[in-house]
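Participant: The whole structure should be built from the sequences, with the hints applied where relevant.
The listed protein sequences correspond, in order, to chains Z and U. Using our numbering, the letters of the first sequence correspond one by one to residues 1 to 398. Using our numbering, the letters of the second sequence correspond one by one to residues 1001 to 1398.
The set of hints was computed from the structure by calculation and includes no laboratory data. Hints may contain errors.
Unchecked claim - Residues from chain U shown here face chain Z by an in silico Cβ test under 10 Å; the list is partial:
1. 1002
2. 1159
3. 1165
4. 1189
5. 1193
6. 1194
7. 1240
8. 1266
9. 1272
10. 1286
11. 1293
12. 1296
Virtual Cβ for every residue (Gly too), placed ideally from N, Cα, C.
There are 2 protein chains.
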Amino acid sequence: MKRIAILGSTGSIGQSTLSIVENFPERYSVASLAAGRNLNVALEQCRRWRPSVVSMADEALADTLKTRLAAAGITGIEVVHGTRGTIEVATLPDVDFVVSAIVGVSGLEATYAAVRAGKTVGLANKECLVAAGELIIAEAHRNNVALLPIDSEHNAIHQCMRGGRTEEVRQIWLTASGGPFRTKPLSEFANITVAEALKHPTWVMGRRITIDSATMLNKGLEIIEACRLFDLPPSQVKVTIHPQSTIHSLVEFIDGSILAQLSVTDMRLPILYALSYPERVASDLTFDMAKIGQLDFSPPDFERFPCLRLAYEAAEAGGNHCIALNAADEVAVAAFLQEQIPFVDIPRTIERVLELTPPGHPATIAEVLEQDQLAREVAHQSLGDQPQLQSFSRPFRQ
Amino acid sequence: MKRIAILGSTGSIGQSTLSIVENFPERYSVASLAAGRNLNVALEQCRRWRPSVVSMADEALADTLKTRLAAAGITGIEVVHGTRGTIEVATLPDVDFVVSAIVGVSGLEATYAAVRAGKTVGLANKECLVAAGELIIAEAHRNNVALLPIDSEHNAIHQCMRGGRTEEVRQIWLTASGGPFRTKPLSEFANITVAEALKHPTWVMGRRITIDSATMLNKGLEIIEACRLFDLPPSQVKVTIHPQSTIHSLVEFIDGSILAQLSVTDMRLPILYALSYPERVASDLTFDMAKIGQLDFSPPDFERFPCLRLAYEAAEAGGNHCIALNAADEVAVAAFLQEQIPFVDIPRTIERVLELTPPGHPATIAEVLEQDQLAREVAHQSLGDQPQLQSFSRPFRQ
Chain Z
1 MKRIAILGST GSIGQSTLSI VENFPERYSV ASLAAGRNLN VALEQCRRWR PSVVSMADEA
61 LADTLKTRLA AAGITGIEVV HGTRGTIEVA TLPDVDFVVS AIVGVSGLEA TYAAVRAGKT
121 VGLANKECLV AAGELIIAEA HRNNVALLPI DSEHNAIHQC MRGGRTEEVR QIWLTASGGP
181 FRTKPLSEFA NITVAEALKH PTWVMGRRIT IDSATMLNKG LEIIEACRLF DLPPSQVKVT
241 IHPQSTIHSL VEFIDGSILA QLSVTDMRLP ILYALSYPER VASDLTFDMA KIGQLDFSPP
301 DFERFPCLRL AYEAAEAGGN HCIALNAADE VAVAAFLQEQ IPFVDIPRTI ERVLELTPPG
361 HPATIAEVLE QDQLAREVAH QSLGDQPQLQ SFSRPFRQ
Chain U
1001 MKRIAILGST GSIGQSTLSI VENFPERYSV ASLAAGRNLN VALEQCRRWR PSVVSMADEA
1061 LADTLKTRLA AAGITGIEVV HGTRGTIEVA TLPDVDFVVS AIVGVSGLEA TYAAVRAGKT
1121 VGLANKECLV AAGELIIAEA HRNNVALLPI DSEHNAIHQC MRGGRTEEVR QIWLTASGGP
1181 FRTKPLSEFA NITVAEALKH PTWVMGRRIT IDSATMLNKG LEIIEACRLF DLPPSQVKVT
1241 IHPQSTIHSL VEFIDGSILA QLSVTDMRLP ILYALSYPER VASDLTFDMA KIGQLDFSPP
1301 DFERFPCLRL AYEAAEAGGN HCIALNAADE VAVAAFLQEQ IPFVDIPRTI ERVLELTPPG
1361 HPATIAEVLE QDQLAREVAH QSLGDQPQLQ SFSRPFRQ
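Facilitator: Structure below.
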């Protein structure tokens, strides 16, 4: 029986994880939950799963949850809050496996604490590897902790890696759908609207990740994650455009063999893989190889998607530049979604922030958070810097 | 240093194996060769590789080779002949790895002897697994001997199998190009000419295997090989039509993940994989995943390709029926190539022979060879049995 802590239990990955626990009660149980801000779902999860500890985003929410639990006659659940609470959830002595699925930098401290406490960690939070990858990987090595990727691309790589030893890998190939603008002429990029950018061809996702998919910054973050997770230089992490998203990624070995992983596009599969690794557990997810039809592959266009180039540069520089890439993108995407800057200014903002970022490698999570804050400030300042911005963005402003 | 015996050294697989030994002299050396009937190539291979033993098909060829070696001043090579000679080549005490690449049933005895002698065997000969698979696999288990497939499909499966344990496999998928008649209407099959059937879309191969590709009996034999090699019932071995032959085959695991192997279509890759297993050795074979373009997958048509159905039936029955499938096909294909029977009579002949085959499982290689002989006789008799044959084949006969 694996006892699971879920950081981000009310989100999509958290709920998928709970649906797996539901299906395999003989294998997995819920030890503790970090539920964030959604009180109703948190209460429901407490009722159903009876975790020993649950953490809410702040003290007020924790107090309300306590009251509601008491009113519902649910006892024996310790309610904690904040970063400290999340860390408690992640490091309880009886936890075997931590699902790290809190979106953004707020999951860093608790994930790092889980690794330090020797827990096996399933990583669904991009920031853990992009912003704090060097620290977390070093700590995982030190504690001999397994980090199992819970996203389709890196999970595919993890599976394909089993076909050889690490030193037998020539390079890896991340597949990318290419997003909604894969075939759009570069000349039309200046006029891309928010509505156009939010239409992703294959996956339904949150707003930031959908825009990141349209700029391909999303794939850029995955390049950095892959470098950290599989200990590869950026030159050994390639991207191939595969609009159908059927092959989730590939590993090319030194002898010229390439292994690929395919499956239905269902997040339960990588979660189940991570929870059950090194075993595999039978699921009802199927995929008829005789009926999948056509798969296409083509090279990525670095001119149309400058975010890819920026990500390679950040991956090469490491440390502060990876933090800045992520932070600047978050700020720029928010500005785009509020129609403050045009689509093409997302990479311009990131590039400006990267240029202004001093080289360096944070030695603690606190330093990572500090760098992240700094990069966001620079990004906000940079939003006003674009020569194009004046003329373009004025009509959208109130 | 692995010392290699090559059964079938003058054939295509034999020569590819020697080109690998040439490229990796620090890893592999040639211990012994079974060279068959090609005296000139045999002499050249003796000159270049100085095997300790070389075997020719018969005594006369062996005597001529001895004379030619003496004339060339090449000493220290023992020249032997026949099945006994091939067995000596395969079982020399200093041999570590045997490449079994003699086409047809004549390689069975020596391959079986190699397994009994505890040698690791690279299998490029279909008959070893189709006709004698049950015996050879049982003997391999008894002697804890690794059998490594040297053909693109089974080699791909072997690589993908590393992604999980045997009991975690849900099913495997063999890819099939579909041959030259993949899209030809069934109504036109009666008029298929030898020249049409010999045009294979992706691979350049021998005449029998090219016709087997056109009838898809080739894939049928591979289904049986896969059942034996990976200990799977026929129901767990599926076929998907993939005209580009880029993905060489796939393994589907119980959790719903599918692993696929891709590479250039170059036989040196599976040979190198088998020779170096469990390691991988760097080669200059590359494959740009960003530039492979389009891959297609569709279900096989059992009506147009009855040989597939016959192969599943033979695989299910095992023993004598697998021997009969292979033997009847060889006779029928030879008759088609000599324009004695139409294309559509190849499966009809095989079906007739399978119907006339008594159930049974040979206990020795001698019994396998006996069953093979019997099946060939029945096949020859069946060639005249076809109701269509009279009218169709007469114009072609002399």
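Participant: All the hints need checking, so say for each whether the structure fits it.
Facilitator: Hints versus structure:
The beta carbon of residue 1002(U) comes no nearer than 15 Å to any beta carbon in chain Z, farther than 10 Å, and the hint placing it at the interface is violated. Hint status for residue 1159(U) relative to chain Z: holds, with the closest Cβ pair at about 5 Å, below 10 Å. Against a cut-off of 10 Å between C-beta atoms, the interface hint on residue 1165(U) holds, since the closest Cβ of chain Z lies about 8 Å away. The criterion of a C-beta within 10 Å of any C-beta in chain Z is not met by residue 1189(U), whose closest approach is roughly 22 Å, and the hint is violated.
Interface restraint check: residue 1193(U) against chain Z, minimum CB-CB distance 29 Å, threshold 10 Å, status violated. Interface hint at residue 1194(U): violated, since its Cβ lies 30 Å from the closest Cβ of chain Z, which is beyond the 10 Å cut-off. Hint on residue 1240(U) holds. Least Cβ distance to chain Z is approximately 4 Å, under the 10 Å limit. A cut of 10 Å between beta carbons decides the hint on residue 1266(U): the least distance to chain Z is about 8 Å, and the hint holds.
Taking 10 Å as the C-beta contact cut-off toward chain Z, the hint placing residue 1272(U) at the interface holds, the least distance being around 6 Å. Here the hint on residue 1286(U) is kept, as its CB sits about 6 Å from the closest CB of chain Z, short of 10 Å. Evaluation of the residue 1293(U) hint against chain Z yields a held restraint, the C-beta minimum of about 6 Å falling below 10 Å. The interface hint given for residue 1296(U) holds, since its Cβ lies 5 Å from the closest Cβ of chain Z, which is under the 10 Å cut-off.
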